[in-house]
Amino acid sequence: MIQLDNVSYTYEKGGGVSNVNLAIQDDEYAFLIGPTGSGKTTLLRLAYMDLFPKVGKVIIDKYDSSKIKQKKIPFFRRKIGMIFQDYHLLNDRNLFENIALPLHVIGFQKDEIVDRVTESLEEIGLESKSEHFPDELSGGEQQRACVARALVKDPDIILADEPTGNLDPVTSFELIKLLEEINREGTTILMASHNYNLIKGRGHRIIEIQNGIVRKS
Amino acid sequence: MDKITFLLSEGLKNLWRHKLTAFTSIFSIFLTLTVAGSLLIVSDNTERIIEYLRDKYKIEVFFKQNISDKRIQEISKEFKSIRGVRSTTVITKTDAKKIFKSQFGEDILNLVGYNPLPASCVINLVKEQKNKLNIRPIVDRIRKFSEVDEVNYQGRLINRIETAYQSFVKVSVVLLIIILVVSVLIISNTVRLTIYAKKELIKSFQLVGATRSFIKTPFILEGVFHGLIGAFIASLLLYGTLEFSSGFILSLTGLIIDFSFFNLLFLLSSLGIVISFLGSSRAISQFLK
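Here the protein sequences line up with chains R and F, keeping their order.
Residue numbers for the first sequence follow my numbering, beginning at 326 and rising by one.
Residue numbers for the second sequence follow my numbering, beginning at 11 and rising by one.
Hints in this document: simulated from the structure, not taken from any laboratory.
None of these values were measured; they are calculated from a predicted model.
No residue lacks a Cβ here, since even glycine has one placed at the ideal position from N, Cα and C.
Please note: incorrect hints may appear among the correct ones.
[Claimed, not checked] Per label pair, the in silico range of CB-to-CB distance:
hint	chain 1	residue 1	chain 2	residue 2	range
1	R	Y336	F	T221	23 to 33 angstroms
2	F	L298	R	G528	39 to 49 angstroms
3	R	E510	F	L298	31 to 41 angstroms
4	F	I187	R	N491	52 to 62 angstroms
Using the sequences and the accompanying hints, generate a full structural model.
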């Protein structure tokens, strides 16, 4: 479960989120919607503890932002898969190596890494492009690779920050469907988007944020 | 085990991925270690050099006329007991006459009717002495003998050599320390450039749950590989230079430069590893603060 209790965070130059109370249940697929600059990314950064609330706390599983020690954060992040609008793929290594990275970090054995990465590549339909470098892939393929990288370590939660931001409508719908499949297998998903048309009518919870305040949940 | 293999291969692959910074870093280490290696070889051989020079030091003592050979032999023994004297060689008037004949081809008795050449004693000084060899007290004691007419020695030159040797020992230690500290800072800044260029990579590592040590290790290993490569090239260059010039040095000075390639490689590799390890650890730790 992702739980935000009375969370506020303000940047030095203004902006952020204010007094957010939110709970996302296990296996839930929730959309965080709001215009650019409304605080969606801040909320996600607070959730993966890249930022720490100035007021309130974020609790995910046994990890509490008000108590967690710096050296425990890497272990907490291993339970979370993250997907970004700008992919964050490493251009100096191929698709296979990019997806394998979280497994190396966790310390998986070589054979298991090969099995898991191959399975993930099949799941996103990019098994034939495992040797390709990110700049040899289309935007949609890069984003699918990003999903595979988040998925490969079998996380409890996926946090996706505007994953469709750089994609065309068709590819965006495909990505939403892919995330729905992942959610059906038991992964909690919180996805930020500013595109209401993309997410409406899919039967998932929509959390609306404006000027750093959660308006509707 | 697979984690260690991954980190090692990351360190190795980074050499290729960060070609420009690798080149800069290896070149800095190479220059540093070439200077440091030269200093170490020279320091190692300085004792031999100073012994070689001291071997050339000579004090020539000329005796007054009419001093018997027996007395000269006695005085020579007393000279030998002076602290700092290694050996003495007596040249009697007869010996001097023979030397004159061998050098000039003429018998001095035929030239001037008598033997004007004085008896003398050549004094050689100790070679193995760590401290500065001070020749002045030796000369003063020799001059106290009433039988001594004249003392010839290269006092100023010997003093200069001895002072220079002592200064060299001190300066080389200070210089070595400065070189090593500066190289750590240069390498640290070079690695920092790599790290800034790889901010994205570090961020990705952090986001997928990498610990600090996991992020640091490939950068440190990369630095250590730079150190090893720089040390290897510096050792090769010094070895080549010494091999090339040893014949020349030997014919010029009679001095054999003593060094072993593997000792040099081991010493420079150790130095290279230490400075690159310190440099890259400093850079990555500062970045991750």
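Outcome of the hint check:
no. : hint                                  : verdict
1   : Y336(R) / T221(F): 23 to 33 angstroms : holds, 28 angstroms
2   : L298(F) / G528(R): 39 to 49 angstroms : holds, 43 angstroms
3   : E510(R) / L298(F): 31 to 41 angstroms : holds, 35 angstroms
4   : I187(F) / N491(R): 52 to 62 angstroms : holds, 54 angstroms
Checked against the numbered hints given earlier, the structure satisfies every one of them.
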